[in-house]
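Q: Chains A and B, in that order, are what the protein sequence lines are.
At position 253 of the first sequence the residue is numbered 253 (our numbering), and the sequence of numbers has no breaks.
So our numbering is basically just the index in the second sequence, starting at one, shifted up by 1000.
No lab work stands behind these hints, which were simulated from the structure alone.
By construction, the Cβ of each residue, glycine as well, lies at the ideal position given by its N, Cα and C atoms.
Do not take every clue at face value.
As the list claims (entries may be wrong) - Just a sample of chain A residues kept apart from chain B, beta carbon distances all over 12 angstroms, derived:
1. 101
2. 158
3. 172
4. 179
5. 259
6. 387
7. 443
Said to hold, decoys possible - Partial list, computed: chain A residues near chain B (C-beta under 7 angstroms):
8. 41
9. 42
10. 43
11. 47
12. 132
13. 135
14. 150
15. 165
16. 169
17. 180
18. 182
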Amino acid sequence: MNIPLLFVSPAICSILFFFIKEEKRNLIFNLSLLFSLIPFLLSFYFLKIFLFNPLTKITLFTCSINGLKFAFLIESFSFILIFLNNLLFPLSIYFSKDDILFRIKEFNIWMLFSQSALNLLFLSDSLLPFFIFWEFSIIPFYFLIGIWGGERKKIANYKFVFYTLLSGAFLLTGIIGVLTGFFDEKSKIGFLLFSLAFAIKIPLFPFHTWLPDAHTEAPTAGSVILAGILLKMGTWGFYKFLLKLFPVAFLFYKNLIIFLSIFSIFYGALMSFAQEDLKRLIAYSSVSHMGFVIFGLCMEKISGIQGAFFQMFNHGIVTGALFILVGILYKRTHTRKLSDFGGISKIVPRFSFYFVLFSLATIALPGTSNFVGEFLVIFSGFFTKILYGVILSFAPFFAALYALKAVKRTLWGELKNKNLLTLPDLDLKEKVILISLTFFVILLGLFPHPFLYLTYR
Amino acid sequence: MKELISYYLPEIILGLAIVINAIYIISDKKSFYYLFILVSYFFLVFSDFKVKSDSFIYLLDIATFFILYNFYLNENRGNFVDINFFIFSHLLSLHLILKTDSFIIFFISLELLSFVFYVLIGLESKKFRDISPVIRYFVIGTISSILLLFSIILIFTRTGSLSFEALIIFERSDPVFSIALFLFIFSLGFKILFIPFQFFMPDVFERVRMPYLLLISLTPKAGVLIFLYKIKSYLPEIVFPVSVFAIISILFSNLAGIYENKVKRILAYSTISHSGFMFMIVLLPEPYSKNVLFYYLLIYFLMKGGIFFTLSPFIKKNEDIEITNLRGIYFTDKIVAISSLIFILSLLSFPPTAGFFAKFYLIYALFKSDFNLQGFFLIILTVISAGYYIKFLNSFFLEPGVRREGIKDIFLKIFILILSLFVLGGGILWKFFV
């Protein structure tokens, strides 16, 4: 009975905005924050249910139209992503309050629309609604990047739209093939179509080129959601549909996907190390992190799947926090170039604290939640093949390359740019956002049991 | 005789309406003219209902109503009487095409249809530069008519009958059959906007005004498409070449559309691309064929009509305009902008609009009937078409606007809003057609 609130409340609010004047800036932001918080508060109700019994499945709605199934349900795995979704949206709306300066109403409408669409995407249990919301998620981000994006927003937008449409095309072909019974569980073509669609979205190595542009040019809130939620659409589809629809064909292509995921981990880290733009650096690190997720899912061990979901959650939190930190810097200095910074740790100590904390979380330092996730994934790698485990054990070292580079070039060293002397430290709003994200990183780093309990089968 | 009259009742009513309209044109008084149109329309639909006409005929009636309304909005009122004469004639010819089972009636109705277009497109061309594409259209159209007539003669000489059913007894190994088939497809290709035959069509589109463009885009192709669908059972050989031409025209129109920056030309390419999609329906076996055809045509009329109604107040002249001239419509008229967003997403077949379900069901049925490769091609080709539809969205929403007037006509606004709601929620309608 409570599930509809997850997607109805943001949608209602976005319709409400049609009747509010653009000038009432505070009212718009507060309303949108309130309505996007309702699903988040509701998530705790579901958390209670799933902690009581993680095998629970609550069906929202099932019907069949002309032999095509439309089903929505919530289970513990989809709950994790729904929780993440409803955590990141209010935070990014809250952050945008003084980050987005024009066309505020539209901004909130698109944010809320995408929140409910993404909730529905993770709720959907059959292929057709999954596809509908997969495609629908393009529209809000087309506007978010196109209107409030950076200098190169046009090209980034084209890339984002076309890559996602292409992935949608592959997905639609696969879905229609499955629905008509043309692809069975052995079908290699069906598997390839699905995995191509997801590989573009995740993104795995050769299909990742849309990501750095889209993440860099999007406004901060857009980057947070893009990295935090939109990439998980691919991994969620990979887990939910691909592995269950084509188990036989998966065995055939398993090694190829494992190779691609390992390659993505190292390629993403090295590319990230080479960047001079702070946002681009974080964007490339996503490629590396998502490689871990796919690797964990491919292991077909319980620890692998646990680790993969742990990583999905962590990546959303940590990368989101890093994008917000870069957004804070950009808002004050209007630059993201590493060469413009350096030595600001003394001027903005609180900012530096969070920056270091989340950078260390990216490296998977013990005590942060990333450590647990990566440990589980590497652990499952060792169990499958020792070689995998050995290779993956080097990944945190490569992550340290880019994370420490970012920290060193921004925070430490001498202060070259004298304009930064008057850089103000975090204000209350930013503190609230960062503290709430830190809470999850530390909590799950030290006490991962509830999460492991939710994903244990 | 009585049966014949009751069977052709709608056509007789249309004929009467055309005669009365001709009297209106001759006499100077124009009193009760709009009442006359409404009454004749009412009687037409009522009689269609009475004689239990083919459900496609209702669709064509709806589409013609759209066209008339658009003409009413964008023409000076004096001209409207002349134009209506031709619109009614074109509706009559479409009715006859759908009802007849004889080649000769088909040929005559098709000629009447083409004649209406030659006149309407050439009606207001004052300069030679405007009229040159019309002349091209006329010459090529006439040549194709002659070829069509020749192929009908070939069929008649070999079978001794002019009815469609005679095609069944046509000896397939006879070389004359191949010639007749080739000529038939070739000439129909000119009439129905297949790409290799219709290379000049965007030029024609560029020269005419929006209501004429709507007329070209909606009904004639639908009429010929429904005709092809009916003749398919007598002439199954026609299916394969039609599908090949359809894919070629989708591919070329979508690729050509990407490099266009003018509104009318893009609309032309979009029309050709959609007609290609519709002609793929001919491939399908029963009962998919009829359901998909009906649903696709209905949705196509709604969304194409919608985008024309939203854009035509901004493009008044014959000349085509750059798409950047439409920039920032969002800031002048929010309702129009949001409706046009829905129409464009639907033309792009984006879920959850009705355009998506139309294409989805087409491709689903293609897969069910073992045309997997064609289905896959159609999906990929749809992605290419995003290349030009996205230009509309870019200029409507993303670029800063210029000062201009929005749509003032409140009825038109409500009409557009209703259309957009239909297109947005049309996916639900899909349940009733399948």
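Q: Against each hint, give a clear statement of whether it holds in the structure.
A: We went through each hint and held it up to the structure:
1. Distance check for residue 101 of chain A against chain B: the nearest CB is about 15 angstroms away, which clears 12 angstroms, and the non-interface claim stands.
2. Its closest Cβ contact with chain B, about 7 angstroms, brings residue 158 of chain A to no more than 12 angstroms, contrary to its assignment away from the interface.
3. Distance to chain B contradicts residue 172 of chain A as a non-interface residue, since its nearest Cβ pair spans about 5 angstroms, not more than 12 angstroms.
4. The Cβ of residue 179 of chain A does not lie farther than 12 angstroms from every Cβ of chain B; its closest approach is about 7 angstroms, which violates its non-interface assignment.
5. Residue 259 of chain A, annotated as away from the interface, keeps every beta carbon of chain B farther than 12 angstroms; the closest lies near 27 angstroms.
6. With a minimum CB-CB distance of about 37 angstroms to chain B, residue 387 of chain A clears the 12 angstroms threshold, and the non-interface call stands.
7. At roughly 38 angstroms from the closest C-beta of chain B, the C-beta of residue 443 of chain A stays outside 12 angstroms, upholding its exclusion from the interface.
8. Annotation: residue 41 of chain A was flagged as interfacial toward chain B, and the flag is violated, the nearest CB pair being 28 angstroms apart, outside 7 angstroms.
9. Against a cut-off of 7 angstroms between C-beta atoms, the interface hint on residue 42 of chain A is violated, since the closest Cβ of chain B lies about 24 angstroms away.
10. A hinted interface residue such as residue 43 of chain A counts as satisfied when its beta carbon comes closer than 7 angstroms to some beta carbon of chain B; here the least separation is about 25 angstroms, so the hint is violated.
11. Against a cut-off of 7 angstroms between C-beta atoms, the interface hint on residue 47 of chain A is violated, since the closest Cβ of chain B lies about 30 angstroms away.
12. A least Cβ separation of about 4 angstroms between residue 132 of chain A and chain B falls short of the 7 angstroms threshold, and the interface hint therefore holds.
13. Hint status for residue 135 of chain A relative to chain B: holds, with the closest Cβ pair at about 5 angstroms, below 7 angstroms.
14. Checking residue 150 of chain A against chain B by beta carbon gives a least distance of about 14 angstroms; that is not within 7 angstroms, so the hint is violated.
15. For residue 165 of chain A, the suggested interface contact is upheld, since its CB lies about 5 angstroms from the closest CB of chain B, less than 7 angstroms.
16. For residue 169 of chain A, the interface hint holds, since its Cβ comes within 7 angstroms of a Cβ in chain B; the closest pair sits about 5 angstroms apart.
17. Hint on residue 180 of chain A holds. Least Cβ distance to chain B is approximately 4 angstroms, under the 7 angstroms limit.
18. Proximity of residue 182 of chain A to chain B holds as hinted, the smallest CB-CB distance being about 6 angstroms (cut-off 7 angstroms).
The structure does not agree with the numbered hints 2, 3, 4, 8, 9, 10, 11, 14 stated previously, though it agrees with the rest.
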